[in-house]
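J.: In order, the protein sequence lines correspond to chains A and B. Note that our numbering gives residue 73 to position 73 of the first sequence, counting from 1, and the numbers run on in steps of one. Note that our numbering gives residue 1337 to position 337 of the second sequence, counting from 1, and the numbers run on in steps of one.
Certain hints may be false.
As the list claims (entries may be wrong) - Below, in silico cross-link-like pairs of lysine-lysine (DSS-like), each with a Cα-Cα straight-line distance of 25 Å or less: (1) B:K1493 x B:K1209; (2) A:K120 x B:K1034; (3) A:K120 x B:K1370; (4) B:K1285 x B:K1493; (5) A:K33 x A:K114; (6) B:K1366 x B:K1285.
Said to hold, decoys possible - Examples of chain A residues toward chain B, derived with CB under 10 Å: (7) V20; (8) N30; (9) K34; (10) V60; (11) A101.
No wet-lab data here; the hints were simulated from the structure. All C-beta atoms in this analysis are idealised placements derived from N, C-alpha and C, irrespective of residue type, glycine included.
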Amino acid sequence: MTEVTIQLLGFIAAAILIVVGMGGMLFLDNLIKKIIAFTLLSDGVNLLLVALAYREGGIVPILLPGMSIYDFTSRAILIFPAGIVLTNIVIGVSTTAILVALVIMLYRRYGTLKASVILKGERR
Amino acid sequence: MIESISNLWSIPLLVIIPMLTAIIVNFLYDKAIKPIAISSAIIILIISIISPYGYHWFCGHPALNPETLTFTFNPNIFGYKLSLEFIFGPLQHIMIFISSLILLFCVILSTIGLTKHQGPYIALLFLLFMSSAIVIMVNDLYHLWIAVEIGSLIVVGIAAASGTSISHKAALKYGLFSAISGAGLAVSLALVLGLTGFSNISDAIMYLKQFGIGEMSTVLYIAFGFFVLSWMYAGGLAPIHPLKSEVYGASYPHGTALLQAQSKLMLVAIGIIMLRLFGMLPFVKEVMIFLSVITMMIGVIMALIQIDFRWIIAYLIISHSGFVTLGIGLGTQEGLIGGIFQAVNDIIYMTILLLCCEALFYFGGKTSTKEAYDIAKKSPFIATATILGAIAASGIPPFNGFQSEIILIQACLKEGLPEIAVLILMVSVTTFIALLRGIYRIFLKPPELQDQDNSNVDLPKVLIIGIIIFIILSIIIGIYPDIVLRFIIPVVKEVLSI
Chain A
1 MTEVTIQLLG FIAAAILIVV GMGGMLFLDN LIKKIIAFTL LSDGVNLLLV ALAYREGGIV
61 PILLPGMSIY DFTSRAILIF PAGIVLTNIV IGVSTTAILV ALVIMLYRRY GTLKASVILK
121 GERR
Chain B
1001 MIESISNLWS IPLLVIIPML TAIIVNFLYD KAIKPIAISS AIIILIISII SPYGYHWFCG
1061 HPALNPETLT FTFNPNIFGY KLSLEFIFGP LQHIMIFISS LILLFCVILS TIGLTKHQGP
1121 YIALLFLLFM SSAIVIMVND LYHLWIAVEI GSLIVVGIAA ASGTSISHKA ALKYGLFSAI
1181 SGAGLAVSLA LVLGLTGFSN ISDAIMYLKQ FGIGEMSTVL YIAFGFFVLS WMYAGGLAPI
1241 HPLKSEVYGA SYPHGTALLQ AQSKLMLVAI GIIMLRLFGM LPFVKEVMIF LSVITMMIGV
1301 IMALIQIDFR WIIAYLIISH SGFVTLGIGL GTQEGLIGGI FQAVNDIIYM TILLLCCEAL
1361 FYFGGKTSTK EAYDIAKKSP FIATATILGA IAASGIPPFN GFQSEIILIQ ACLKEGLPEI
1421 AVLILMVSVT TFIALLRGIY RIFLKPPELQ DQDNSNVDLP KVLIIGIIIF IILSIIIGIY
1481 PDIVLRFIIP VVKEVLSI
């Protein structure tokens, strides 16, 4: 497959993951399912960035001993999106951990995982 | 602005010191954190005052001026400026100074005893300051996204820290939405990066100006849409204002003071970036103005129907965020000056009100207008300070709120938007009514039962000092607005000249 085709497939798959993830987060009632939908959304964003950085026959962006700068720059995938993906994975894990911790606390209090029950308005 | 090729020493310190302090106080938990936390907050405040202006890069070099063959920071010169760039200029100076002053009082107040598990909580306060400092100093989309994401997670933590079921729910709602808006900002970053090849905001703008938008406009609109989502989320703008107002209302009042400062900084920083990146697209300013107007109206109406003083302030913070975004959305010199000046003033007078609200916790912890009575008898000082804060928030001279609101009204009139100028006046008046209603019921209304406890309560001295300092700041800026405007005007001119 050509570079454009692979990249296009990556973009399409990313778009599907993002839409499914966003839909799940907005419309699913179970809080754990919402968190799973978030991981799909996060993976979709990562795939978008990976597809953006794709280069036909590219190598990982690490300058190895003996490799010339010219060789490296002509073959390595784009470094910056790869860096963003790495950061997004870390942020995704942190967000998931915090959300799960909050869900556990609320589950202990309300005995359910239904967002419609837990998050409904409370008189102040 | 002073131009220097070498990296500025203060920029990494403003990020690393809060981060290190957060790690240490979190590790120590409740032991011996007071001296470390307070001394770190004082050091940050001193750095924000004495720091010169300059830049910090992570690698690479500034642009090479082809005419003079010298390195330059002139953003009009297109070249390989480094993508990861931080700036400390007049805007950052004033914003970080005010935030670090609030951080200092927040840290001292949280060591006094209202908060449980002081170590992790103070760690969150320092990290919140760090994320605000990054957002206001950053000139690249990568760090902007990271700071917004980190800031969102910390807001969740601070809201959850007060330990009530309302605070946990508010934190969860905010956390779930932060996941969507954070991902949206990452998509936006990817789109701008894919279109221009630059993550440095100045370089991306230069690219768009040099090569025109042409066929890129559709993708740019999508990127703008995701940016707007993050802007609304970070600043608590309508129609997603309930998420932020619940976080404000559910947190400790001193924590809310720092949270609202962070929100204002994010509104200013992201707003200016949006204006610079997408300002050439049609309808961008109109969208920003529309969001501002509905935020102003919904916020103040919701404040009117609240029965808890904390929630009245929470919705007023939302409403007044609309003033800030309106000024930025106008995109004119007066508008931008008014918007940024309003952000500074808003942080100051809302801090006065929130610190007064914190004082209510020492009178039995009741902030509801149905439960608290006659506080003015127990503490005339807090009652007076709250009334002064309300006057400042309502834009009545000689307090600071008046100066920024008058600039905003003038900007609206100059742009041919007299109806929005009238709306600003109406929101100011309604702010006063909402606050006066709360103040009367909590501070002035006599108790319904005769056996109410009228014993005097000793308020922490630092709380009283904090309130006095912010009232003095409010009056000084109200009488001599140039003290702040001299920091804002050069930045606005630079933003508009690009």
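J.: Now tell me, hint by hint, if it's right for this structure.
T.: Now for the hints, and whether the structure bears them out:
1. B:K1493 x B:K1209: This hinted pair holds, its Cα atoms lying about 18 Å apart.
2. A:K120 x B:K1034: 39 Å, violated
3. A:K120 x B:K1370: Holds, because 23 Å separates the two Cα atoms, which is no more than 25 Å.
4. B:K1285 x B:K1493: Judged against 25 Å, a Cα distance of about 18 Å means the pair holds.
5. A:K33 x A:K114: Between A:K33 and A:K114 the Cα gap is close to 10 Å, so the pair holds against 25 Å.
6. B:K1366 x B:K1285: 42 Å, violated
7. V20: Since chain B brings no Cβ nearer than about 12 Å to A:V20, farther than 10 Å, the hint is violated.
8. N30: 12 Å, violated
9. K34: OK, holds: A:K34 within 10 Å of chain B, min 6 Å.
10. V60: 19 Å, violated
11. A101: 8 Å, holds
Of the numbered hints given earlier, the model fails hints 2, 6, 7, 8, 10; all others are met.
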